[in-house]
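Make a model of the complete structure from these sequences and hints.
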Amino acid sequence: MIEFHDVCKRYATGQEALNKVSFSVEEREIVFLTGHSGAGKSTLMKLIMLMEKPTSGEVMIAGRNLGRLGSSHVPYHRRQVGAVFQNHQLLFDRSVFENVALPLQICGIHHRDVARRVRAALDKVGLLSKENALPISLSGGEQQRVGIARAVVNKPPVLLADEPTGNLDPELSAEIMELFRQFSEVGVTVMIASHDIELIKRMNRRVLTLEGGQLTHDGAMW
Amino acid sequence: MSKKTQRVKVSPKNTPKEPVNQRGAVQSQTPFGQKFKSWRQHHRISATNSLLRLLGMPLQTIMTSLVVAIALALPTTLFIAINNVQSLGDNWDASPKISVYLHTRAREAAIEGFQKELVNRADVKSVEYISPKEALVSFQAMAGFGNALDLLEQNPLPPTLVVTPATQAATPAGLAALGESMAKNALVESVDMDMDWVRRLREIMVLGKKIVTILASLLGLGVLLALGNSIRLAIESRRDEIIIVKLVGGTNGFVRRPFLYTGAWYGFFGGALAVLLVELGHQSLAESVASLAAAYQSSFALAGLSLFDNLSLLAASTFLGLFSAWLAVGKHLNEIEPT
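Protein chains in written order, with my numbering: chain D, 1 to 222; chain Y, 223 to 561.
Hints should not be assumed to be uniformly reliable.
[Stated by the list, open to error] Which residues of chain Y face chain D? A partial, calculated answer using Cβ under 8 Å:
{"no.": "1", "residue": "GLN256"}
{"no.": "2", "residue": "TRP261"}
{"no.": "3", "residue": "HIS264"}
{"no.": "4", "residue": "GLU463"}
{"no.": "5", "residue": "VAL467"}
{"no.": "6", "residue": "LEU469"}
{"no.": "7", "residue": "VAL470"}
{"no.": "8", "residue": "GLY471"}
{"no.": "9", "residue": "THR561"}
Since the hints were derived computationally from the structure, they do not count as laboratory data. All C-beta atoms in this analysis are idealised placements derived from N, C-alpha and C, irrespective of residue type, glycine included.
As structure tokens, this is what we get:
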């Protein structure tokens, strides 16, 4: 589902963010991406989101070579990749419901279906009672969960999560991880960037470790 | 992993797997009819939301619309003025007079015969004879000419016949024919159609219309820049939103749409205000013009804009707003990309 072939990324500043990174993630798989900050985790995710293009090498998502996608196809690609951002990226002048509804409206889903699917997604993350609240009135953890609901509401085949449990207590973190596990069971490929070693250990899944832009570890952690 | 892997629709509620064609970007998972419906739905939402946003900040909306309105009302008013002057000129066309200057040595009897001959013509309504003496008297009555004429040894003014053509002959072709046939008479020195001022007025009107067109173009350009700036500010204030919409897969069209509607609304409000301003100007002048015309025994009335003119102005203004938003959005939206 996600394939990297000798991917290098050098920024205009000369900083080498990724160096010859190759790996492949199968459908329904959950992988963790670890590494110190600046190791290239964010760059790797930006390449999948087509927020950046690789300097060399190929990124394939669902068999499509992203390097060959014209700029007009970028939005359609992004609809296939649900993303949970570290800084949430919520619209603070819109209600929780409207935030989660955004990807569906963009895809042109009829508003009756929008309401049904938004409520289903909010129910999944346990925020159904807050659908009319403004994100600013929510805690960090709740905002994070709104972000997760928005990422999955459109049923994307790939889900990226950048530090999704950064603001959550262990109990909530475990719940979120359980959610991700459920998504993977219904066919979603999940990639989670995280520092939370304890959590990664508990999940006992495949781990990709980046160090200075190079992939130094690929496999189960212990 | 095989490139033939089937992509799968996933829902938290265990939706059954559904193979989807893998070639190229997947643009649609919904039927076209549904797509079109939701496209219309987004248009409706964009139009309503942009309108609500504008109404939510009334002061800025009024100011911007007023800029548009003044820029449109000014050339429109000038255009109306020119059209009115032109119709005034056209009205006077109907009763032109032809001055027929005779040879200074023409005898009185011959002149009288010629005058009778003219009056009997079908295309002549009346003929007035002005003798050189009468002409001299009226000239001397004009300030400044008296002394100058005293210096001359003899009266230089020719005997003149002022011919008023019959109404049916008062066409450019009819007048020309009449003038030509009178010029053939041996008594006639020259024929002055007295139409030159109408022709000059027409030329001035053509020039005036050109000037108004240039002025309107310049003001239209001003509207483009002013509205472009308002749209740029609107884009800037919604920067975060644009980034998020692009991140979750919003196309450029989706992002552009609300701003295009904002521009169109500004244009529409500006146009409506312009119609109002022009109508107010027309109302405030119409009465004075009517009483002035009455003093000249004329039924001339100041013409304003017809319903069609008003609708055209409104449509043009809305289009101008849309166009300026399109330009501004094209320039600024590409600069906003998620990083």
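Hints and how they fare:
1. GLN256: For GLN256/Y, the interface hint holds, since the closest Cβ of chain D sits about 7 Å away, which is under 8 Å.
2. TRP261: 6 Å, holds
3. HIS264: Cβ of HIS264/Y sits 7 Å from chain D, so the hint holds.
4. GLU463: Where the cut-off is 8 Å and the nearest Cβ of chain D is about 6 Å from GLU463/Y, the hint holds.
5. VAL467: This interface hint holds because 7 Å falls under the 8 Å limit.
6. LEU469: This hint holds: LEU469/Y lies near chain D, its Cβ roughly 6 Å from the closest one there, short of 8 Å.
7. VAL470: Status holds, d = 4 Å.
8. GLY471: 4 Å, holds
9. THR561: Holds: closest Cβ of chain D sits about 7 Å from THR561/Y, inside 8 Å.
Consistency with the previously given hints is maintained throughout, with no hint failing.
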